[in-house]
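Number of protein chains: 2
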Amino acid sequence: MNSAALQALRQAAGPDYFSQDAGDRLIYAGDGTCFRYPPEAVVRARGPEQISRVMAACGKYHVPVVPRGAGSGLTGGALPVAGGVLLDMAGLNRIKAIRKRDQVAVAEPGVVTGELQAAAEAQGLFYPPDPASAAFCTLGGNVAENAGGMRAVKYGVTRDYVLGLRAVLPDGRLLKTGGANIKSVVGYDLTRLLVGSEGTLAVIYEIILRLLPLPEDRATINAFYADLDKAARAVEGLLASGIRPVACEFMDGYCLKAVESYAKLGLPPAAAMILVDLDGPPEVVRRQSGQVETILQQAGGEPVRVAGDRAEAEGLWRARRAMGPAVYQHGPGKLNEDVAVPLGSLAEMVRRAHLVGEKRGLVIPVFGHAGDGNLHINVMHDPAYPEQVSQAHQAVSDLFAHCLSLGGTLSGEHGVGTTKLGFVGAEMDPVGLELMRGIKKVFDPAGILNPHKKLPPPEVLP
Amino acid sequence: MNSAALQALRQAAGPDYFSQDAGDRLIYAGDGTCFRYPPEAVVRARGPEQISRVMAACGKYHVPVVPRGAGSGLTGGALPVAGGVLLDMAGLNRIKAIRKRDQVAVAEPGVVTGELQAAAEAQGLFYPPDPASAAFCTLGGNVAENAGGMRAVKYGVTRDYVLGLRAVLPDGRLLKTGGANIKSVVGYDLTRLLVGSEGTLAVIYEIILRLLPLPEDRATINAFYADLDKAARAVEGLLASGIRPVACEFMDGYCLKAVESYAKLGLPPAAAMILVDLDGPPEVVRRQSGQVETILQQAGGEPVRVAGDRAEAEGLWRARRAMGPAVYQHGPGKLNEDVAVPLGSLAEMVRRAHLVGEKRGLVIPVFGHAGDGNLHINVMHDPAYPEQVSQAHQAVSDLFAHCLSLGGTLSGEHGVGTTKLGFVGAEMDPVGLELMRGIKKVFDPAGILNPHKKLPPPEVLP
Numbered sequence: 011m012n013s014a015a016l017q018a019l020r021q022a023a024g025p026d027y028f029s030q031d032a033g034d035r036l037i038y039a040g041d042g043t044c045f046r047y048p049p050e051a052v053v054r055a056r057g058p059e060q061i062s063r064v065m066a067a068c069g070k071y072h073v074p075v076v077p078r079g080a081g082s083g084l085t086g087g088a089l090p091v092a093g094g095v096l097l098d099m100a101g102l103n104r105i106k107a108i109r110k111r112d113q114v115a116v117a118e119p120g121v122v123t124g125e126l127q128a129a130a131e132a133q134g135l136f137y138p139p140d141p142a143s144a145a146f147c148t149l150g151g152n153v154a155e156n157a158g159g160m161r162a163v164k165y166g167v168t169r170d171y172v173l174g175l176r177a178v179l180p181d182g183r184l185l186k187t188g189g190a191n192i193k194s195v196v197g198y199d200l201t202r203l204l205v206g207s208e209g210t211l212a213v214i215y216e217i218i219l220r221l222l223p224l225p226e227d228r229a230t231i232n233a234f235y236a237d238l239d240k241a242a243r244a245v246e247g248l249l250a251s252g253i254r255p256v257a258c259e260f261m262d263g264y265c266l267k268a269v270e271s272y273a274k275l276g277l278p279p280a281a282a283m284i285l286v287d288l289d290g291p292p293e294v295v296r297r298q299s300g301q302v303e304t305i306l307q308q309a310g311g312e313p314v315r316v317a318g319d320r321a322e323a324e325g326l327w328r329a330r331r332a333m334g335p336a337v338y339q340h341g342p343g344k345l346n347e348d349v350a351v352p353l354g355s356l357a358e359m360v361r362r363a364h365l366v367g368e369k370r371g372l373v374i375p376v377f378g379h380a381g382d383g384n385l386h387i388n389v390m391h392d393p394a395y396p397e398q399v400s401q402a403h404q405a406v407s408d409l410f411a412h413c414l415s416l417g418g419t420l421s422g423e424h425g426v427g428t429t430k431l432g433f434v435g436a437e438m439d440p441v442g443l444e445l446m447r448g449i450k451k452v453f454d455p456a457g458i459l460n461p462h463k464k465l466p467p468p469e470v471l472p
Numbered sequence: 011m012n013s014a015a016l017q018a019l020r021q022a023a024g025p026d027y028f029s030q031d032a033g034d035r036l037i038y039a040g041d042g043t044c045f046r047y048p049p050e051a052v053v054r055a056r057g058p059e060q061i062s063r064v065m066a067a068c069g070k071y072h073v074p075v076v077p078r079g080a081g082s083g084l085t086g087g088a089l090p091v092a093g094g095v096l097l098d099m100a101g102l103n104r105i106k107a108i109r110k111r112d113q114v115a116v117a118e119p120g121v122v123t124g125e126l127q128a129a130a131e132a133q134g135l136f137y138p139p140d141p142a143s144a145a146f147c148t149l150g151g152n153v154a155e156n157a158g159g160m161r162a163v164k165y166g167v168t169r170d171y172v173l174g175l176r177a178v179l180p181d182g183r184l185l186k187t188g189g190a191n192i193k194s195v196v197g198y199d200l201t202r203l204l205v206g207s208e209g210t211l212a213v214i215y216e217i218i219l220r221l222l223p224l225p226e227d228r229a230t231i232n233a234f235y236a237d238l239d240k241a242a243r244a245v246e247g248l249l250a251s252g253i254r255p256v257a258c259e260f261m262d263g264y265c266l267k268a269v270e271s272y273a274k275l276g277l278p279p280a281a282a283m284i285l286v287d288l289d290g291p292p293e294v295v296r297r298q299s300g301q302v303e304t305i306l307q308q309a310g311g312e313p314v315r316v317a318g319d320r321a322e323a324e325g326l327w328r329a330r331r332a333m334g335p336a337v338y339q340h341g342p343g344k345l346n347e348d349v350a351v352p353l354g355s356l357a358e359m360v361r362r363a364h365l366v367g368e369k370r371g372l373v374i375p376v377f378g379h380a381g382d383g384n385l386h387i388n389v390m391h392d393p394a395y396p397e398q399v400s401q402a403h404q405a406v407s408d409l410f411a412h413c414l415s416l417g418g419t420l421s422g423e424h425g426v427g428t429t430k431l432g433f434v435g436a437e438m439d440p441v442g443l444e445l446m447r448g449i450k451k452v453f454d455p456a457g458i459l460n461p462h463k464k465l466p467p468p469e470v471l472p
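Quick mapping for you: the protein sequence lines, in order, are chains A and B.
The first sequence begins at 11 in my numbering and counts up by one.
The second sequence begins at 11 in my numbering and counts up by one.
These aren't lab readings, by the way, just hints derived from the structure by calculation.
One or more of the hints may lead you astray.
Chain copies aren't distinguished; within one or between two, either way the pair holds.
Claimed, not checked - Result set (DMTMM-like, lysine to aspartate or glutamate): computed pairs, CA atoms no more than 25 Å apart in a straight line:
| no. | residue 1 | residue 2 |
| --- | --- | --- |
| 1 | K451 | D140 |
| 2 | K164 | E293 |
| 3 | K186 | E246 |
| 4 | K369 | D34 |
| 5 | K106 | D140 |
| 6 | K110 | D237 |
| 7 | K106 | E125 |
| 8 | K164 | E226 |
| 9 | K369 | D237 |
| 10 | K106 | E303 |
| 11 | K267 | D237 |
| 12 | K274 | E293 |
| 13 | K451 | D319 |
| 14 | K274 | E59 |
| 15 | K110 | E246 |
| 16 | K164 | E131 |
| 17 | K110 | D239 |
| 18 | K164 | D227 |
| 19 | K70 | E358 |
| 20 | K70 | D181 |
| 21 | K369 | D239 |
| 22 | K186 | D408 |
| 23 | K344 | E444 |
| 24 | K186 | E59 |
| 25 | K186 | D439 |
| 26 | K369 | E358 |
Owing to the predicted nature of the structure, the values given are computational and were not obtained by experimental measurement.
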């Protein structure tokens, strides 16, 4: 950025919202990946008019802009890979309204997801999307990535709750999509096109979210299995039973070992654990808990435990929640993949992940959202050994090939960002990709908004 | 179309799939609206390769193409308003697979929605979208319009079940979007962009649909109210109760009178009827039926009836299902609108519709899906009297103005088609509309696919 650009930007942002401070640039250089790209300047978003001025200035001087929420993304979506301006949305963090009669919330993108959940709950309402990072991730990031999470089996993903958006286009124009209506078929569905677009099409400054009535009761059941096939049968039995669990989480033996070593929870040695959450009216939750217990037992679960109360339920969830940090028990480096496969191919995908690990001489723990086919596959390695790094990267290629051969997708909920850019060409229909590039051009003809993300450039196509 | 175009088309389609017969042209001239536009030729779709050849030929000769399913749409989406080719998709009517373990169906667009529902049910699975026309409408039309229906309150709309599409672009290229994965965030969401695009972006030839486990039990409750406010309180009480009904239908006094006069069901005289469907495990359905009964009674329902079995439930539904033909008891002409408003504005919208009727000297019966804010407002009139026709059209303008002032949308589920083209400019954000036009250009640069639909041309913008 030359000094004219910097001066225009400082003025557009307002001096109190603009920084070139080395510390700020360092803070905003990274996200949930291991990569670091310091931006040339940081702008703290203040509201639509200011964002509009900033975008216009960036357009004039061809400066890339990267919007960022909490910076907790796992695929590099908020990394300023091309330098330019980091647009920090975290300060736009007001819940503007919870409209109880309409069952909608209106919130700014910097609101922490868990805070919206709590605010809805205080009014007897329910915001179902529940990414594992709910305590610190923001709604804007959730919308940008179409975040999934623990309750997606029954309640779907972020997309299913976004009714309308207010955004700034790359040329500074303000855009309204949707509203507070549960149904609308007027115009093309720009709302859901922006959801999951990873900040490449527009800068979202307001989100209208659908809320549901708060479920009356919850229950948690877990079960351990001596082999993978039994666990797979348990999941299949559960999904075929007619019961719609809120969550149906899976952890393999590597995960269990890591969690036990890290958190000392007294987990039994096992090849797999299944964790099921139910919700609904108390008598259903009671009856279905019993049914789930039976299904998990008949598939060979030993032991199977039904939590007696919320405290016990939290105990059962502890193993799952400890997964993030615990996985490093298997090595200091991790390539964190997030494939999804059709439900019937879940066990096969886990088996193949383990075989890839054996072939590559690496430990590959697998956990994730079994109920919707979304698996978090972690290729553990020691970055100090170049041969391990090379094997780890080859393992990821192997895994992706297996995933696609099973009809799967390379990302269920983490997004493409930069880290999967080199791979998604193998999944995406080339005609579809060309249409997507056309859509990007319609929104961002100058290509200044979050460049080099989401869509592979022509040259890395297979 | 000149003779070279016709010959090229006949060859592209295959002679057995091509017709210029006057009878065929007449059959395919109309849809669920009162308008008729005979196409110049009819092509019966045979499969993707043939559709591709047909599209390429139409592109070469600048011939408009209008895809059509059952022709039951209510806003003119399947009308060949610019002549050209009517592409009849009804013959592509195979359910290619119901993959029980994956909980997905793969079907061609000409499959009748009710047939897919039945085929899923035969395997213990459930396809929730249930438009009133399920007995004859087709999946392709449902996807094109993002059809809603009776079960949308709990289960959402067609969009929520479409996981992937296979389509032919206007230039003849084949497009794949999505797959059999419940979650995927690879690329922009072309699948949901095509859903609700009213056949203006691509010709869909295969649909991958998500299925759910079949609910164990159902129940139906209805209640009659002496005034509208009480009925509105009943709906609000129900939605605030934490119960998630499958359906929460509303009919006003005009509707009840028309149905009684048409079908002689012995309905009590009333200002409104509420009809609620529940589903789930038997004990919940039982308990919630009691709760719903109490809520409907406490709001002033008199009488309130809980159906004792499915036969009785069908009896309660009979009034609602008779609405389509019965409404003509109020006049031989109907302008059928399909607004949706935020949940809290439902009663206000009904009140305003009635006031518009009084002001215009017309009967305006209102019924619809109260649980998701979607109201079917019917402006009845006698087309033999020009003054009534003029008042009816003015009433529609009044209604749309009221709807928008309440934060509503001009179509909840019927689409824009041609019949709402003159109005949606008032709802749509002009910046959004420009983006939509850009998207249309990306998919259909020559503008041959279902032209003059969905997006208002620049000149009718307000």
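Is it within a copy, between copies, both, or neither that the alpha carbon of K274 lies no farther than 25 Å from that of E293?
neither (34 Å within a copy, 40 Å between copies)
25 Å Cα threshold - placement of D237 relative to K110
Answer is between: at 24 Å across copies they meet the 25 Å cutoff, but 47 Å inside does not.
Go through the copies and call it for K164 and D227: within, between, both or neither, with a Cα cutoff of 25 Å.
For K164 and D227, the Cα distance is within 25 Å both inside one copy (15 Å) and across copies (18 Å).
Are the CA atoms of K164 and E131 at most 25 Å apart within a copy, between copies, both, or neither?
both (18 Å within a copy, 19 Å between copies)
Intra/inter-copy verdict for K186 and E59 if alpha-carbon distance must be at most 25 Å:
within (14 Å within a copy, 39 Å between copies)
How would you classify K106 and E303 at a CA-CA limit of 25 Å: within, between, both, or neither?
The answer is neither: 43 Å in one copy and 35 Å across copies each exceed 25 Å.
What label fits K110 with D239 when the C-alpha limit is 25 Å: within, between, both, or neither?
between (46 Å within a copy, 18 Å between copies)
Cα distance capped at 25 Å. Does K267 pair with D237 within a copy, between copies, both, or neither?
Result: close within a single copy only, 14 Å intra versus 65 Å inter.
At 25 Å max between alpha carbons, let me know whether K186 reaches E246 within a copy, between copies, both or neither.
neither (42 Å within a copy, 28 Å between copies)
I want to check one pair: K164 and E226. Are their C-alpha atoms no more than 25 Å apart within a copy, between two copies, both, or neither?
both (15 Å within a copy, 16 Å between copies)
Checking an output row: K344 and E444, CA cutoff 25 Å. Within, between, both or neither?
Intra 32 Å, inter 44 Å, cutoff 25 Å: neither.
Within a copy, between copies, both or neither: which one fits K106 and E125 at a CA-CA cutoff of 25 Å?
within (13 Å within a copy, 45 Å between copies)
Checked against the numbered hints given earlier, this structure breaks hints 1, 3, 4, 10, 12, 13, 14, 19 and 23; the rest are met.
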